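Colleague: Keeping their order, the protein sequence lines are chains A and B. Residue numbers are given in our numbering: position 152 of the first sequence equals residue 152, and the series is strictly consecutive. Residue numbers are given in our numbering: position 55 of the second sequence equals residue 219, and the series is strictly consecutive.
Source of the hints: derived by calculation from the structure; they are not laboratory data. Predicted model, so just to flag it, every value in this text is computed and none were measured. Virtual Cβ for every residue (Gly too), placed ideally from N, Cα, C. Possibly wrong hints are sitting among the right ones.
Pairwise CB distance ranges (calculated) [said to hold, decoys possible]: (1) 329(B) <-> 18(A): 36 to 46 Å; (2) 46(A) <-> 328(B): 46 to 56 Å; (3) 3(A) <-> 189(B): 31 to 41 Å.
With a straight-line Cα cutoff of 25 Å, these simulated SDA-like cross-link-like pairs (lysine to any residue) come out [as the list claims (entries may be wrong)]: (4) 229(B) <-> 35(A); (5) 229(B) <-> 265(B); (6) 338(B) <-> 138(A); (7) 75(A) <-> 305(B); (8) 229(B) <-> 25(A); (9) 75(A) <-> 312(B).
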Amino acid sequence: MTLAIFTLLIPAVILFVYAWRRGDGSHRRGLARGGQTLLSVLPLLVLAFTTIGFVSVLLPQEGLQNLIGPDSGWKGLLRAQGMGMLMPGGPYVVIPLISTLYQLGTGLGATVALVTSWSSLSLMNALWEASFLGWRFTVIRWTLLLPFPVLVGLLAEALFGGTS
Amino acid sequence: MRDHTTLILGGIVFLLAGAAWLSGGWGLVLAGFMGGVTTLLLVAPLLLCAFLIAGLIQVLLTEEKVTYWLGEGSGWRGIFLACISGALMPGGPYVYYPIAATLLRAGASLGVLVAFVSAKSVWPVVRLPLEFALLGPRLTVARILTTFLVPPLLGFLSQALAGRQVEAIRENLKS
Chain A
1 MTLAIFTLLI PAVILFVYAW RRGDGSHRRG LARGGQTLLS VLPLLVLAFT
51 TIGFVSVLLP QEGLQNLIGP DSGWKGLLRA QGMGMLMPGG PYVVIPLIST
101 LYQLGTGLGA TVALVTSWSS LSLMNALWEA SFLGWRFTVI RWTLLLPFPV
151 LVGLLAEALF GGTS
Chain B
165 MRDHTTLILG GIVFLLAGAA WLSGGWGLVL AGFMGGVTTL LLVAPLLLCA
215 FLIAGLIQVL LTEEKVTYWL GEGSGWRGIF LACISGALMP GGPYVYYPIA
265 ATLLRAGASL GVLVAFVSAK SVWPVVRLPL EFALLGPRLT VARILTTFLV
315 PPLLGFLSQA LAGRQVEAIR ENLKS
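Chain B with its partners taken away, still in its complex shape:
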């Protein structure tokens, strides 16, 4: 996955460099390249901190620990715990989707699953230092505060509107 991304991104850089050359010659190519490198060097100390925090959180919070909390409750308590677990869950989609699938097989409700997946994408504790480093405090705070209620709200909404679908979803997963 990541190797593909690197290749695709490399291709994009190449195309963009071509576009810069066409519209402004080598001067513009150099300007674009230097602009990128300068920005990277400027944010390098922030990135170092962000990766340090992410590494420490990942070591202190293992997937097993988070999954244990996640399995603790049902109803509103379950949705609330699912939000916290989703926020704290380390790792990319190849980590948390299999965990969500395991929970589904183990009998988790639709609301719990939706809350978990939504919290992972909207309140990601491991990704926040990176967001903070690159987007700045104002935007990060604005984003957190405005999306604060989204994961639990979605958990409740999905449970209320489509909670019964969970059996069909579970059946599909088995076949």
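This is chain A alone, in the form it adopts within the complex:
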């Protein structure tokens, strides 16, 4: 946790100093923008974290681990990809939820597959995309991307899996 804070503080400070040295008030606008975003998504964050609290007391840990746990193999990765595609909502809702699933014992590969699948293949996003760029574009991009969440999940498990 401390390491994570430092890792995030360093870029924050560098960006802030850079913005401040530009001398055009960017640093203040950046702070204001960050604060505004935080305030506007705060109700969502509180609800997302409450959901997380309930999910972690209600979800049978064993069941989750059987479905997409570290030992669930490529079938687990496929299930993770399917879950990611169906997950609605933006990062402020989905990332907290995925982090809870990860803490409850989702495998590393499955979690990578889940994040990749939600961010690039989510059906909600496909609707947005099709409405702006047309169905033909969405079908091409979506079809080409389809094998990737499982593949990157396998790769992540092979490279970074094991010791936790």
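Assemble chain B onto chain A, guided by the hints.
Modeller: Using the frame of chain A, we list chain B on its own:
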């Protein structure tokens, strides 16, 4: 969009609280609620940093700036620039899809568009602090490294396999 999400999520919380009450009474409801609040308080400093970074990046990188880079090249150079622009592009789908549509009308190739949209979803610089804060360094690093080649690869693949479709896509957009 966001108001709907809040309402739906509120409904989900309500249902989950009901489920907790049914399976373990008020004790379990309280446990679930407190568990969520405790987690939120634990990650609050990380979230503050994440939002600070996101705010600063958004002010330092405007959409116009990123779009300017995006329009700079074609071929592999174009795909490469599209990946960088997608990664740096701030804002949600209601920001970058209209930009992608503008580029399409202006004559961008299919590979450039696919690379741009894929980089936005797979290498999102503005979202990364949040991912890092909540999922931790190991998972974030694993995800970045394993998906590193995906946006350019998809750009090339789509260009090679379906590049000619771009005219039809552009026609559809006009009508």
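Colleague: Verify the proposed pairing of residue 229(B) with residue 35(A), using a straight-line Cα cut of 25 Å.
Modeller: holds, 23 Å
Colleague: Holds or violated: are the alpha carbons of residue 338(B) and residue 138(A) at most 25 Å from each other?
Modeller: holds, 16 Å
Colleague: Could you tell me whether the CB distance from residue 3(A) to residue 189(B) stays inside 31 to 41 Å?
Modeller: holds, 39 Å
Colleague: Would the hint linking residue 229(B) and residue 25(A) be met if the CA-CA limit is 25 Å?
Modeller: holds, 18 Å
Colleague: For a C-alpha distance cap of 25 Å, please report whether residue 229(B) and residue 265(B) respect it.
Modeller: holds, 17 Å
Colleague: Keeping to a limit of 25 Å between CA atoms, is the pair of residue 75(A) and residue 305(B) held or broken?
Modeller: holds, 23 Å
Colleague: Does residue 312(B) sit within 25 Å of residue 75(A), going by the straight-line distance between their CA atoms?
Modeller: holds, 24 Å
Colleague: Tell me if the beta carbons of residue 329(B) and residue 18(A) are separated by a distance inside 36 to 46 Å.
Modeller: holds, 42 Å
Colleague: Is it true that residue 46(A) and residue 328(B) lie within 46 to 56 Å of each other by Cβ?
Modeller: Check passed, 49 Å falls within 46 to 56 Å.
Against the hints set out earlier in the document, no violation occurs for any number.
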